[in-house]
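So the chains spell out like this:
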Amino acid sequence: MNVDRFLPLTPVVLEIALALAAGERHGYEIMQDVERRTDGRIVLHPGTLYRALGRLLDQGLIEELDERPASEDDERRRYYRLTALGNAVARAEVERLADQVSAARRLFRGGRA
Amino acid sequence: MSALRAYRLLLLAYPAEFRERFGAGMQQAFRDRYRAARAQSAAVAALFLLRTLLDIAANAAALRFSRKERTPMNWQSLGADIRYAGRMFARNPVFTSLAVAALALGIGANAAIFTIVNGVLLKPLPYGQPRGLVMVWSSNAIEHRDHDVVAPLDFLDYRKADAFADMQATSSFIVGASMRTAAGTEQIVATAVTPGMFEMLGRRPAIGRNFTPQEVQTAVIVSNRFWRSRLGGDANVLGRVLTIQDQPRTIIGVMPDDFVFPYKSMLGPSGFTRSSDVEAWLPLAFVNANSRATGVATLTRNARFLSVVGRLKPGVSVAQGNGEIAGIAHQLAASYPDSNRVVGANVIPLHEQAVGGVRPALVLLLAGVGFVLLMACVNLANLLLARSSVRQREMAIRSALGAERRRLIAQTLVETVMLACMGGAVAILVVSWSMSALLRLAPADMPRIGEVHADVTVLAFTFALSVITGMAIGIVPALAASRPELQSSLKSSGRGSTSGRGQRRLRGVLVVAEVGLAVVLMLGAGLLLRSFLSVLAVDPGFRPDNLLTLQIALPNSYQTADQRRALYASLFSRLDALPGVASSGGTTRLPLGSTNVTTKIGIEGRDIPPGAWPEVEFRRAIHNYFEAMGIPILRGRGFNATDGPTAPPVVVINQTMARQLFANEDPVGRRLRMGTSSPRSTIVGVIGDVRHSALDAAPSPELYIPGLQGPPTNPFIVIRTTADPAALAATVRAEVQAVDKTIAAYDIRTMAQVRSESVAQRRFVLILVAAFGVLALVMAAVGVYGVMALVVSERTAEMGIRLALGAQPGAVLRLVVRQGVALAATGVAIGVAASIAMTPLLSTQLYGVGALDPPTMAAVPALLLAVAAIACWLPAHRAMKIDPVNALRV
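First to last, the sequence lines map onto chains A and B. Using the working numbering, you'd call the opening residue of the first sequence number 11 and step up by one each time. Using the working numbering, you'd call the opening residue of the second sequence number 841 and step up by one each time.
Treat the hints with caution; some may be incorrect.
What the hints assert, rightly or not - Coverage of chain A stretches by chain B, computed from C-beta distances (three or more under 8 angstroms per stretch; other residues unrestricted):
1. 25-38
2. 54-62
3. 68-74
Simulated from the structure, these hints should not be mistaken for lab results. Computed from a prediction, not measured in an experiment: that's the story for all the values here. No residue lacks a Cβ here, since even glycine has one placed at the ideal position from N, Cα and C.
Start from the sequences and build out the full structure, keeping to the hints where you can.
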């Protein structure tokens, strides 16, 4: 499937994808993970998070789990995980960013020399 | 949790489909995040709530308007509503401008107070990644002190804690230093920090560099303000030399403009000589030898003079850091019982440390000003309700022509939100003009008050508040107007009839609410006023009238005690000789205007290990200090010229110390030691208690030594004058300079000023709450009057009939007044109950009165009822003058 039509991802969407790369999480865990990993530079609020989740679900990049991974949870939460497509899109986005960064690096190094 | 309930309500802003899909998850996420934010601090939680509001508004709007098929409301009708509302406003300029003015006042007052709250409580401290920063304190179990400054050797041990990425220290008291310039000697506020401090705080100089880990002792970094005002903003300032305390120091950096460190509350009780920002930072070096030099700290566990700031490692909680530090302190107590037996340690977030003390006062102000806005809303809702009954015909026609109910509601809401936004826009102007006046009114020593200014957050707050206000005002009239009893409205063309029962009841509720809110505010203002008066009535223990005070800083040329004794001898003899001077003296700690230090004492004949010795406050009295201050000597004697350096050491104690430590004995003649190695001193007298830290703080045990036996380097001078003390200021300064022009004399104030500044925060809160109270009273009067005038005008025909049938005018008058006063009385009762429920908010600000102070509790309801009765009587009285014939003809 062509992943390029999903690119580029917005920073928020990429961060959510990265949070889900490690496995399934529920909404609050995604918020925590993103905030921790970005040292508080990206703070997701529920509205932003769930709007993005809604779009990702509609696009088929993530899917919802009905069962709970851990049974000690005292309340029903919805867990999300990347689909194969979502995984491919996230990887493609990271590749794209890496290309961009290395191109930019070359440019700056060239400029200084 | 009520925040969660509010969040659930706000979710209604989202399209229903989205809400069904994600509502539960969003609520869980909100609840968990909110809990985490609250665990950090109330300020973080408040900021989180504000951001959540914006988050909902932005995302709900995006979801509703992003795609055509999801748009239940179309922009065209909104545009039409806005244009229509604009025409309505243009047609009723008086109503519109009155409404905008009332809203501007209410929203503006809120925006102004919020600006202060935002700058002081909500904004992060001016450091990089401020969340990980904490304050590390020692504690003292015996003296019940949680926030003791730290001894250097303890600091080096705390520093080993694993939870911390870094830990640095600053000197915990800041004294005026002398700076020699070409023009003479000036005072400079300097302190010493360990070299890594700024780097740990995440800040670097705007010009130049930070201290290096092994910084040379002669380096200095100056503040931006000092650089601009005293160094002329010279861009080539690096390398310039400042002579501070006789030592030349080279400027290596200028900090950025917004950098403040330390805040007063980070320094413990010894703190600043007087609140002011630090102008120069010196590198702090630890040495083994005993040293008094500036910028050098002796390694010891017995003297505590460091304020310690740490940065927790990422992911480490404050509780974890606290646990580890407490554990280290526990080990130290076991290893060094002589010095550390009762010493614990704890950690609190730096932000909390910096501004936690002023939070109750600001929260109180925010609540008070919120009430003012609520009252403005109620008044306007009332006014709109009155208008909506007039406009019922219009609504009925629109509805008959096929307008949906939703469109009718939307149109009314568009009108009120537009009104409120116009009010908000005016409010922003009002705030930007009045902020400087408000800040002048604010106490100078309120932490971070210098960092307060209107910014984007304030703008967003004002906008959000305007929209919410507009919704709140509009919702009642909108619902009332959208349900026009079609038939009756269309039929009753012409004759002014009374409004329906529902509307009358609604109006009654609004009057009750208004009076209730006014009662709460007035009760608060009354209690604060009574507290203020009782604080001012406190006997400070000295006579504050006709006293002039100043502070002097001696340069390092007065190294020896003999040099200082000689200086004081000549200085005080010159001061005493001045015409208009009754007596003079000096001390190291000025009551109500300075700081505090303590000493441990061992009383002869009591078998207590040095680690558990009681601690008392320590001061020096130079020359005729007690006489000049008017502090009475209750037993024994004060100090005199015979208590010299070679005479046996003596001390004088205060009444509280005599009572606490010598309950049933005569302290005069008893001997004590200050520190294990010092000689025994004899208590020669007991003086009256003096309110040192604040008028409303109970006196602590105090001990004085004579200036001749321990002459200080940075004393306060007090001068009792026979006439206006302020008039003598210039003469006294000249006299100090005449003795030695290298001595810096600064902070010349009368004791009346010192006393007044010590109650500045109380006065600030009182003035604002009193202003809110008066505003509330006026609004309640206007509100009650407006409703009663409407009632009377609606009932004119009925009254005409009653009068025509022979009713006594007095009886009809009473009928109307009784109706209004009954409503007001209900409001008063609810208001009193509400303020009793809210006493915890106020209790921290009260002094000398209970939260249920009977005079206030009686006076305020009586005043409100009287005002309400007058507001009812006026329209009723006017109605009585109507000729019954005219009334019936209407």
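Enumerate the violated hints, using their earlier numbering and listing them in ascending order. Hint 3 is the one this structure does not satisfy, whereas the remaining hints hold.
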